[in-house]
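S.K.: Residues per chain are reported as follows:
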Amino acid sequence: MPITIQIPTALRVFTDRKSEVRANGATVAGAIADFAASYPDIRQHLYDEDGTLRSFINIYLGDTNVKNLGGLDTPLKDGDTLMLVPAIAGGSCPR
Amino acid sequence: MIVLPDSASMAIMSEGARVYPNECCGALLGTADGSGGRVVSEILPIHNGREAEEQFHRFVIGPDDFMASEKTARARGLDVIGFYHSHPDHPAIPSDYDREHALPWYSYVIVAVESGVAGDLTSWILDCDRSRFLKEL
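These protein sequences, in sequence, are chains A and B.
Our numbering puts the first residue of the first sequence at 1, with every later residue one more than the last.
Our numbering puts the first residue of the second sequence at 1, with every later residue one more than the last.
Worth double-checking, as some hints may not be accurate.
As the list claims (entries may be wrong) - Here are the computed lysine-lysine pairs in the PhoX-like style, where the Cα-Cα straight-line distance is at most 25 Å:
(1) A:Lys77 with A:Lys18
(2) A:Lys18 with B:Lys71
(3) B:Lys71 with A:Lys67
(4) A:Lys77 with A:Lys67
Said to hold, decoys possible - Partial pick of chain A residues on the chain B-facing surface, computed with a CB cut under 8 Å:
(5) Val13
(6) Gln44
(7) Asn65
(8) Val85
(9) Pro86
(10) Ala87
(11) Gly90
(12) Gly91
In case anyone wonders, no lab produced these hints; they're calculated from the structure.
Treat the numbers as computed from the prediction; the structure is a model and nothing was measured.
The beta-carbon is built from N, C-alpha and C at its ideal position, and this holds for glycine as well.
Could you put the whole structure together from the sequences, leaning on the hints where they help?
M.R.: Right, dumping it as structure tokens:
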């Protein structure tokens, strides 16, 4: 089902500078996979080498982090809006 | 290429020294053109969301704080163009951990703080293939 995905500034270089794009999926995971298939250069920034969504990529359905809903299995309905929201992390080498 | 005014550099260094021996972090607010040029107008200090016992070598700006920084930038007619953090008793060089958690496009400013005194300050951008950081300052 068609939904909208809002793109953070840092990733718009991979979406032809679009701030939001359309995607299809019955679940959050499906919609993000559909989105990544449409813009393959973004895939490495969303998923790690094992195909798992990177830990610092958060997905909001409306105003709610899907981690507080059903995670990536959260069902979607027509017209929903997902937002990609990164957490910014880092730090000096382990000691 | 990033333009980081002395006032912003001094503010980052001051915060790095104040928060030592832990890592400070925050957002860089400013403007960006379409060809990679960017100018920092001000910094926005953000609470380090990592557990207290990990803050000496880690920082995190959680998604809620990320969205709040975007909202603050928009309200001031600016964009979030990057982030900064400190490396207590460690060089101002990105670690593998920094690279693994970085996003492209953003500028990542790092200030080294040695024994509580801020020193080198550098800025980096993640290469598009995630393999390395490119130094811009």
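S.K.: Please work out if Lys18 (chain A) and Lys71 (chain B) have their alpha carbons no farther apart than 25 Å.
M.R.: holds, 19 Å
S.K.: Closer than 8 Å between Cβ atoms is the bar; does Val13 (chain A) clear it against chain B? Give me holds or violated.
M.R.: Hint holds; Val13 (chain A) Cβ to chain B Cβ min 6 Å, cut 8 Å.
S.K.: Given the hint that Lys77 (chain A) pairs with Lys67 (chain A), does the C-alpha gap stay at or below 25 Å?
M.R.: Holds, at about 18 Å.
S.K.: Can you verify the interface hint for Val85 (chain A): is its Cβ closer than 8 Å to any Cβ in chain B?
M.R.: holds, 4 Å
S.K.: For the pair supplied as a hint, Lys77 (chain A) and Lys18 (chain A), is the alpha-carbon distance within the 25 Å limit?
M.R.: Given that 25 Å is the threshold and the Cα spacing comes to 22 Å, the pair holds.
S.K.: Against chain B, with CB atoms and a cut of 8 Å, does the hint on Gln44 (chain A) hold up?
M.R.: holds, 6 Å
S.K.: Does Ala87 (chain A) pass the interface check with chain B, least Cβ-Cβ distance below 8 Å?
M.R.: Given a least distance of 5 Å, the restraint on Ala87 (chain A) holds.
S.K.: Min Cβ distance, Pro86 (chain A) to chain B: is it shorter than 8 Å?
M.R.: Result: holds, 6 Å to nearest chain B Cβ.
S.K.: Per the CB criterion, is Gly91 (chain A) less than 8 Å away from chain B?
M.R.: The hint holds - Gly91 (chain A) has a Cβ within 8 Å of chain B, the shortest such distance being about 4 Å.
S.K.: Would the stated hint for Asn65 (chain A) survive a check requiring a Cβ distance to chain B of less than 8 Å?
M.R.: holds, 6 Å
S.K.: Can you verify the interface hint for Gly90 (chain A): is its Cβ closer than 8 Å to any Cβ in chain B?
M.R.: At about 4 Å, which falls below the 8 Å cut-off, the nearest Cβ of chain B leaves the hint on Gly90 (chain A) intact, so it holds.
S.K.: Lys71 (chain B) and Lys67 (chain A) were given as a pair; does the straight-line alpha-carbon distance stay at or below 25 Å?
M.R.: Distance of about 22 Å is within 25 Å: holds.
Figure legend: structure checked against the earlier numbered hints; every hint is met.
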